[in-house]
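Colleague: Generate the whole structure from the sequences, applying the supplied hints.
2 protein chains.
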Amino acid sequence: MEKITSTQNAKVKKWQHLTTKKGHQKYHQYLVEGWHIVGDALTANEPVQTILATADQLEAHEDDLPATLEQIEISEEVAKKLTDTVTPQGIFAVVNITAATRVAPEDAAGAWLMLDRIQDPGNIGTMVRTADAAGFTGIVFGKGTSSRYNPKVVRAMQGSQFHVQLTEGDLTAWLTTFKGADKPVYGTALNKDAKNFRDVTASTEFGLIMGNEGQGMAPELMAETTDNLYIPIKGNAESLNVAIAAGVLMFQLNQ
Amino acid sequence: MEKITSTQNAKVKKWQHLTTKKGHQKYHQYLVEGWHIVGDALTANEPVQTILATADQLEAHEDDLPATLEQIEISEEVAKKLTDTVTPQGIFAVVNITAATRVAPEDAAGAWLMLDRIQDPGNIGTMVRTADAAGFTGIVFGKGTSSRYNPKVVRAMQGSQFHVQLTEGDLTAWLTTFKGADKPVYGTALNKDAKNFRDVTASTEFGLIMGNEGQGMAPELMAETTDNLYIPIKGNAESLNVAIAAGVLMFQLNQ
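As given, the protein sequences belong to chains A and B, one line each in that order. Taking my numbering, the leading residue of the first sequence gets 704, the next gets one more, and so forth. Taking my numbering, the leading residue of the second sequence gets 704, the next gets one more, and so forth.
Source of the hints: derived by calculation from the structure; they are not laboratory data. A few of these clues could be false.
Intra- or inter-copy, both count: the list cannot distinguish identical chains.
Each computed DSS-like pair below joins lysine-lysine, with the alpha-carbon atoms no more than 30 Å apart [what the hints assert, rightly or not]:
hint: 1; residue 1: Lys725; residue 2: Lys886
hint: 2; residue 1: Lys706; residue 2: Lys716
hint: 3; residue 1: Lys855; residue 2: Lys937
hint: 4; residue 1: Lys895; residue 2: Lys784
hint: 5; residue 1: Lys725; residue 2: Lys783
hint: 6; residue 1: Lys846; residue 2: Lys717
hint: 7; residue 1: Lys898; residue 2: Lys937
hint: 8; residue 1: Lys882; residue 2: Lys937
hint: 9; residue 1: Lys729; residue 2: Lys886
hint: 10; residue 1: Lys937; residue 2: Lys846
hint: 11; residue 1: Lys717; residue 2: Lys855
hint: 12; residue 1: Lys846; residue 2: Lys716
hint: 13; residue 1: Lys724; residue 2: Lys784
hint: 14; residue 1: Lys729; residue 2: Lys882
hint: 15; residue 1: Lys886; residue 2: Lys724
hint: 16; residue 1: Lys783; residue 2: Lys937
hint: 17; residue 1: Lys783; residue 2: Lys855
hint: 18; residue 1: Lys784; residue 2: Lys855
hint: 19; residue 1: Lys784; residue 2: Lys886
Treat the numbers as computed from the prediction; the structure is a model and nothing was measured.
Modeller: If you want it as structure tokens, here you go:
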């Protein structure tokens, strides 16, 4: 097995690149970290190209790693170079970004969460995990939403990215296609003139759009939705965290 | 006005101490950071003892700060010493911890969220903010839950700590008192033998216990609740984030 101990090695430089947007575009690959996610990627038959792991991690997961899969042993120093966490988990997978990872709105069945310029990786990851738990089919990453290959987003999704469908997409096109197929698309608003979320009955085929943390949904999208929903706020809180609001709405809409 | 520019000043050492549990116990004071929270503390008539701020922040908030309140100008270096954030906001308040900040279970009206050994400051802060939005009266910090004076918890609550009642408390005593007063106390379980949360009708006086992120609720508490609730998980997600689960349950129970 190949061993890489120097952080100056050209492969290490490339792997570091796979944690950036430019690297994703150049190599059509991204990096996932930690056995929880690496193992889930393998189980889900994701296009894993290479496993990078410290000697300890290779030994711990010897029985789980397919022998046909390229494995490279890396030093602790190299592992530290590939992560922004304080305690690297010592195991990574290089995963290919394939054309198959893009879904067209006309092919989308079931319930879909649509993210309009969501910034915070933790919020995005939590929403993907919650969409998985609420039985949603997939999540559309609209323009301006942090990339699904961003290492912090990857980590926060905790493996749910391999249970649901994820795709980038133009939300206007998604909205138009869903409405054309008689599937409702719900927006979210802080405005009390919007529809109380408790007055919406659960269905199986619909879209739910969550908007930017500070600015909310884009007005041009909001104007085209079937209904815009609000969650009545009783106390003095100014707003709900977007991931909490998404959780409350997803479990209401998809019962 | 007193000016402190040296990070070696004895007062700076004391203020740093006010971000630790030992400091809270020794001085009965804690530190809050940022105008959002400092301003909310003043509006809520919290026992603010001193404002610490950089020249810029003092100028920006000159009209908002009561003239009778002790104000100390600090340098950017001192501000950096008092925070664990990358970009300090430059304004802090030293707030007294008074006996009035403890609530007895027999005096508790309305809906209460009870935290059983919740560890993550972000989860705690988000739950307090959501409880505020869902119209809960207060939150009990059970033994083993991160302190409500922990700087990360303080920051994540985003001012909601001044809109709802917060108290430390023994959850067994709270549970017993509520049940003795015929108020239901709901636990939370991942077990499908528990009660589907959608089958519980909303009421105005009750308790809801959320458990530790990894281990869930303590079994001895779970055995004493009125009902233990579960949120049906449809997908392959292993569990919901505790703050998301709390949000879904709070908006169901307190409509």
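Colleague: Hint by hint, note whether the structure agrees.
Modeller: So, going through the hints one by one against the coordinates:
1. Lys725 / Lys886: Close neither inside one copy (36 Å) nor across copies (57 Å); limit 30 Å.
2. Lys706 / Lys716: Within one copy only: 15 Å inside a chain, 48 Å across chains, cut-off 30 Å.
3. Lys855 / Lys937: Between copies, since 25 Å is at most 30 Å while 33 Å is not.
4. Lys895 / Lys784: neither (49 Å within a copy, 43 Å between copies)
5. Lys725 / Lys783: within (21 Å within a copy, 33 Å between copies)
6. Lys846 / Lys717: within (26 Å within a copy, 47 Å between copies)
7. Lys898 / Lys937: Close inside one copy (16 Å) and across copies (26 Å); limit 30 Å.
8. Lys882 / Lys937: So Lys882 and Lys937 pass the 30 Å test across copies only (25 Å; inside, 32 Å).
9. Lys729 / Lys886: For Lys729 and Lys886, the Cα distance exceeds 30 Å both inside one copy (37 Å) and across copies (60 Å).
10. Lys937 / Lys846: Answer is between: at 28 Å across copies they meet the 30 Å cutoff, but 33 Å inside does not.
11. Lys717 / Lys855: within (18 Å within a copy, 35 Å between copies)
12. Lys846 / Lys716: within (28 Å within a copy, 47 Å between copies)
13. Lys724 / Lys784: within (17 Å within a copy, 34 Å between copies)
14. Lys729 / Lys882: neither (36 Å within a copy, 62 Å between copies)
15. Lys886 / Lys724: Neither: 33 Å inside a copy, 53 Å across copies.
16. Lys783 / Lys937: Result: close neither inside a copy nor across copies, 46 Å intra and 36 Å inter.
17. Lys783 / Lys855: Both, since 15 Å and 26 Å are each at most 30 Å.
18. Lys784 / Lys855: both (15 Å within a copy, 27 Å between copies)
19. Lys784 / Lys886: Cα proximity of Lys784 and Lys886: none, with 46 Å in one copy and 54 Å across.
Going down the numbered hints, you'll see the structure goes against 1, 4, 9, 14, 15, 16, 19, while the others check out.
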